[in-house]
Amino acid sequence: MLAYVIKRLWQMVPTLLGVVLLVFCLFHFFGSDPSVILAGQNATPEQIAAIRQQLGLDQPAYVQFWIFLKQIAQFDWGRSWATQEQVSHLFATRMPATLTVMLPILILDTILAVPVALGVAYVRGSLTDRALMVATTVALSISFLVYVIVGQYVFGFQLGWFPVQGWSASTWVNLTQYSPLPVLLAVMVGLSPQTRLYRSFFLDELGHDYVRTARAKGLTEDVVLFKHVLRNAMIPILTNVGLALPGIFVGSFLIEVFFSIPGLGREVLLAVNRSDYPVIQAATVYLAMITMLINLLTDLAYKVVDPRVTLR
Amino acid sequence: MNVSQVAAAPRSAGVWLTAWRRFKGDRVGMTAGVVVLAFLLLIAAAASGLVASQWQRELAVPNAPPTVLGPRAAEDAGVMAGAESKVLPPVDLSDIDPLAPRYKEWADRAATMRNTETVKADTLRLGADRLGRDVLDKAIKGTQISVFVGVLSAVLATLIGTVLGALAGFFGGKVGDFLEWLYNVFTAIPDILLIFAFAAVLGRGVGTVVLILGLTGWTGLYRQVRAEFIKHSGREYVRAAEAIGASPGARMFRHILPNVSHVILVRMSLLVVGFIKSEVILSYLGLGVPIDQVSWGTMLAEAQSELILGYWWQLATAAAFMAVFVTAFSLMADAWRDALDPKLRGAE
Numbered sequence: 001m002l003a004y005v006i007k008r009l010w011q012m013v014p015t016l017l018g019v020v021l022l023v024f025c026l027f028h029f030f031g032s033d034p035s036v037i038l039a040g041q042n043a044t045p046e047q048i049a050a051i052r053q054q055l056g057l058d059q060p061a062y063v064q065f066w067i068f069l070k071q072i073a074q075f076d077w078g079r080s081w082a083t084q085e086q087v088s089h090l091f092a093t094r095m096p097a098t099l100t101v102m103l104p105i106l107i108l109d110t111i112l113a114v115p116v117a118l119g120v121a122y123v124r125g126s127l128t129d130r131a132l133m134v135a136t137t138v139a140l141s142i143s144f145l146v147y148v149i150v151g152q153y154v155f156g157f158q159l160g161w162f163p164v165q166g167w168s169a170s171t172w173v174n175l176t177q178y179s180p181l182p183v184l185l186a187v188m189v190g191l192s193p194q195t196r197l198y199r200s201f202f203l204d205e206l207g208h209d210y211v212r213t214a215r216a217k218g219l220t221e222d223v224v225l226f227k228h229v230l231r232n233a234m235i236p237i238l239t240n241v242g243l244a245l246p247g248i249f250v251g252s253f254l255i256e257v258f259f260s261i262p263g264l265g266r267e268v269l270l271a272v273n274r275s276d277y278p279v280i281q282a283a284t285v286y287l288a289m290i291t292m293l294i295n296l297l298t299d300l301a302y303k304v305v306d307p308r309v310t311l312r
Numbered sequence: 313m314n315v316s317q318v319a320a321a322p323r324s325a326g327v328w329l330t331a332w333r334r335f336k337g338d339r340v341g342m343t344a345g346v347v348v349l350a351f352l353l354l355i356a357a358a359a360s361g362l363v364a365s366q367w368q369r370e371l372a373v374p375n376a377p378p379t380v381l382g383p384r385a386a387e388d389a390g391v392m393a394g395a396e397s398k399v400l401p402p403v404d405l406s407d408i409d410p411l412a413p414r415y416k417e418w419a420d421r422a423a424t425m426r427n428t429e430t431v432k433a434d435t436l437r438l439g440a441d442r443l444g445r446d447v448l449d450k451a452i453k454g455t456q457i458s459v460f461v462g463v464l465s466a467v468l469a470t471l472i473g474t475v476l477g478a479l480a481g482f483f484g485g486k487v488g489d490f491l492e493w494l495y496n497v498f499t500a501i502p503d504i505l506l507i508f509a510f511a512a513v514l515g516r517g518v519g520t521v522v523l524i525l526g527l528t529g530w531t532g533l534y535r536q537v538r539a540e541f542i543k544h545s546g547r548e549y550v551r552a553a554e555a556i557g558a559s560p561g562a563r564m565f566r567h568i569l570p571n572v573s574h575v576i577l578v579r580m581s582l583l584v585v586g587f588i589k590s591e592v593i594l595s596y597l598g599l600g601v602p603i604d605q606v607s608w609g610t611m612l613a614e615a616q617s618e619l620i621l622g623y624w625w626q627l628a629t630a631a632a633f634m635a636v637f638v639t640a641f642s643l644m645a646d647a648w649r650d651a652l653d654p655k656l657r658g659a660e
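Going line by line, the protein sequences match chains A and B. Numbering (our numbering) for the first sequence: 1 to 312. Numbering (our numbering) for the second sequence: 313 to 660.
None of these hints come from the bench; they were simulated from the model. Glycine included, C-beta positions come from ideal geometry on N, C-alpha and C. Please note that a few of the clues may not be correct.
As the list claims (entries may be wrong) - Derived CB-CB ranges, DEER-like:
hint, chain 1, residue 1, chain 2, residue 2, range
1, A, 25, B, 325, 44 to 52 Å
2, A, 13, B, 374, 31 to 39 Å
3, B, 353, A, 53, 28 to 36 Å
4, A, 134, B, 329, 39 to 47 Å
5, B, 632, A, 45, 28 to 36 Å
6, A, 207, B, 353, 35 to 43 Å
7, A, 33, B, 431, 48 to 56 Å
Claimed, not checked - Okay, derived cross-link-like pairs now, DSS-like style, lysine-lysine, Cα gap no bigger than 30 Å in a straight line:
hint, chain 1, residue 1, chain 2, residue 2
8, A, 7, A, 70
9, A, 303, A, 217
10, A, 7, A, 303
11, A, 70, B, 543
12, B, 486, B, 416
13, B, 416, A, 7
14, A, 217, A, 227
15, A, 7, B, 486
16, A, 227, A, 303
Let's have the full structure, built from the sequences with the hints guiding it.
Now the structure itself:
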C-alpha cells in the first residue's frame, strides 16, 4: 500500500512539471508583458525597465522558469499585482466561502442522485423511467445561467424565501441564510446529468450474471439492489465524485459571481479580468496538485469499496 | 485481386448505409434532425444577411413588450404623472444671454438639415430590449454566433484530438508516452481554470472563444481515438496495407481513420452541445462574445437586469431558442450514436 502511494506520488512529478511548464509558456509567450500591465498607463520607459529588472523579465527564459519553479517549491507566490495581497493569504481567506457553498452541493447531489438513479434503473423502460429521462434531457438543455437568473428572481425576489444575495462573517449564518439558494439551484442543475450517468452505471450492473444468481438463490430484491448492485456500482460512482471533487475548491465561478460570494472562483475570475498573473498561475498549479492527489485518494478508496481491486 | 471478382460478390452495406437505415427508423432522432436542419437554414439565412441583419437598429421604445401583451401603460415607460403641471413662464434673457444674437443664424442652419422623425414602435413581435432592439432579430443573430462558436470549436477540438490520438495510438512508444504526458497535464488542470488561464492571455472575442474551447476541450476525444487506433493498428487489413507498402501516414489516415470516423463524429456532436453551453457561461462572465455582437450568452447576461424590472421577454426568447436547439441537437447526437456505434448505447 505504502509502496503504491509512493510510486503514484513519484509519477506525479513529470505531470506536475508539465503543468508548470504549460502555465509558464502560456503566460510567458502568449500573455502580454507584465511590466506594461504593472506600470500602468502613464509609465515612462525607465519605470518599465525597472519593473522588468525587478521581476527578472530581462533574464533569459530558462532562468525565469527556474525562478518560477523555486517559487512553487517554496509555496511563495509573492503578492497579487492588483491588490498587493499575499497570494497565499488570498487563497486562505477565500477558500472557506467556496467550501461553504460547494460542499453541500456535492453532498446533496450525490445523496439525491444515487437513489433516484437506482430507482429508475430498476424500473427500466417503464413510463416513469422514460418520462424522467425526457425530463432530464430537457433540463440539461437549459443553460445553468437561466436557472440561476430565474431561480434568484422567483425564490429570492418574488417569493422572498431566501435573501437575493449576500454574505456574512459567520459561517453558520452563511450556511443557513445565504448559501441555501445557490445550493438549491446548483443541485437542481446537477441532478439531471448525475442521475443519467448513475442510471447507466446501475443498468450496467443489473445486466450482470451475479444479479440473476442472487435472485435465483432467493435473495430479496432489497438485498440484491442494496448489497450487490449498489456496492458494485460504487466504483464508477466514486470515480465520478472524485472527478467532481477538485471542482469544489475553485467553486462554481458562475454561482460565486452571480451571488456575490467572496470565494476563490470569483477571485480567480477577477484576476483574469485584471491580468493578475500570480493569482491565476498559483490557482492553476495548486488546483492541478489537488486534482492529482484526489485522483490518488479515489484510487485508494476503490480498494475499500471493492477488495478485489489490486493496486499496482 | 481481380476486379471482376470483387464486383461479382454481393456487396454488403457499409457502416454509413446501415447507420442511416437505423437512424431513419429512430423517430425521435429524425424529428430532432429536422429541427436541427431548420435551425441550420435559419443560421444560413442570418449569415447571408437575409434575416436579422438589422438587429442593431433601435426600432421600438426601450423594453417594448411583445405584441400579444399590448403596449405598456404610460407610467411604466417612465413618464411621471403630474410632471407637466408646474410649468414656469418663460423669462426673457436675451439682453444678458451672450449667445442670443446667434440663435437665429443657428435656427436657419438647422432648418437646412434633413430631419426625419422616426416613430418608435410600442410593441414588437417578441418585445424589445433595453435599447429598443428587436428581441427576435437578436435571438436569430445570437443563434448564428452561438452555434458558430459551438460547431467551430468542436471542429478544432476534434482535429487536435484526432491527430494526437491517432499518433499516440498508432506509434505508441516514445510518441505515445509524450502524448500521454501531455494528456495528463491537460487533465490535471480543472477545465474551467484551463479556460480561464487561456482567456487571461489570449484576450476576448469570438475567434478567441473558439480557440480557447478548442485548445482545452480535446482531451476526451483524444482518449477515445487513441483507444480505437490501438485496437485497429494491429488488425489484418492494416497489416495488409503495410505489406503492400502503405506509408504510416496512409495507414493512419486512409485506412484506419475511415473505420473510426463514426466514433469521432459522435464525440464531436457531443462536444458541440457542451461548447454551446460553455460559450453562454463565458459570455456571461465577460470572457466570451464582445458586446458589439450578440449571442445567447450576451442576451442572457442582459436579461438578468431586465428581469428584476419585470421585462422577461428577452430571457424567455433566448432561453427558448437555446433549449430547443440544444435538446434537438442532443437527441440527434444520441440517435447518431445509437445508429453508428451500437456498443455505446446507454452510455453517457
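Do the alpha carbons of residue 7(A) and residue 486(B) lie within 30 Å of each other, as the hint requires? With a Cα-Cα distance of about 21 Å, the restraint between residue 7(A) and residue 486(B) holds, given a limit of 30 Å.
For the pair we were handed, residue 303(A) and residue 217(A), check the Cα-Cα distance against 30 Å. At roughly 28 Å apart (the allowed maximum being 30 Å), residue 217(A) and residue 303(A) satisfy the hint.
Could you see if the CB distance from residue 353(B) to residue 53(A) stays within 28 to 36 Å? violated, 60 Å
Does the alpha-carbon distance linking residue 486(B) and residue 416(B) stay inside the 30 Å limit? Roughly 86 Å between the alpha carbons, so the hint for residue 486(B) and residue 416(B) is violated.
Would the pair residue 7(A) and residue 70(A) pass a check requiring their Cα atoms to be no farther apart than 30 Å? holds, 23 Å
Can the suggested window of 35 to 43 Å be confirmed for the beta-carbon pair residue 207(A) and residue 353(B)? Between residue 207(A) and residue 353(B), where Cβ atoms are some 42 Å apart, the hint holds.
Taking 31 to 39 Å as the hint, is the beta-carbon distance of residue 13(A) and residue 374(B) inside that range? Cβ of residue 13(A) to Cβ of residue 374(B): about 59 Å, so the range 31 to 39 Å is violated.
Is it true that the C-beta distance of residue 25(A) to residue 325(B) lies inside 44 to 52 Å, as the hint says? Because 49 Å falls inside the window, the suggested range holds.
CA of residue 217(A) to CA of residue 227(A), is that 30 Å or under? With a Cα-Cα distance of about 15 Å, the restraint between residue 217(A) and residue 227(A) holds, given a limit of 30 Å.
How does the Cβ-Cβ distance of residue 632(B) and residue 45(A) compare with 28 to 36 Å: does it lie in that range? violated, 55 Å
Given the hint that residue 227(A) pairs with residue 303(A), test it: the Cα-Cα distance must not exceed 30 Å. holds, 17 Å
Checking one constraint from the list: CA of residue 70(A) to CA of residue 543(B), max 30 Å. Satisfied? With a Cα-Cα distance of about 43 Å, the restraint between residue 70(A) and residue 543(B) is violated, given a limit of 30 Å.
In this structure, the earlier hints numbered 2, 3, 4, 5, 11, 12 and 13 are contradicted, and the remaining ones agree with it.
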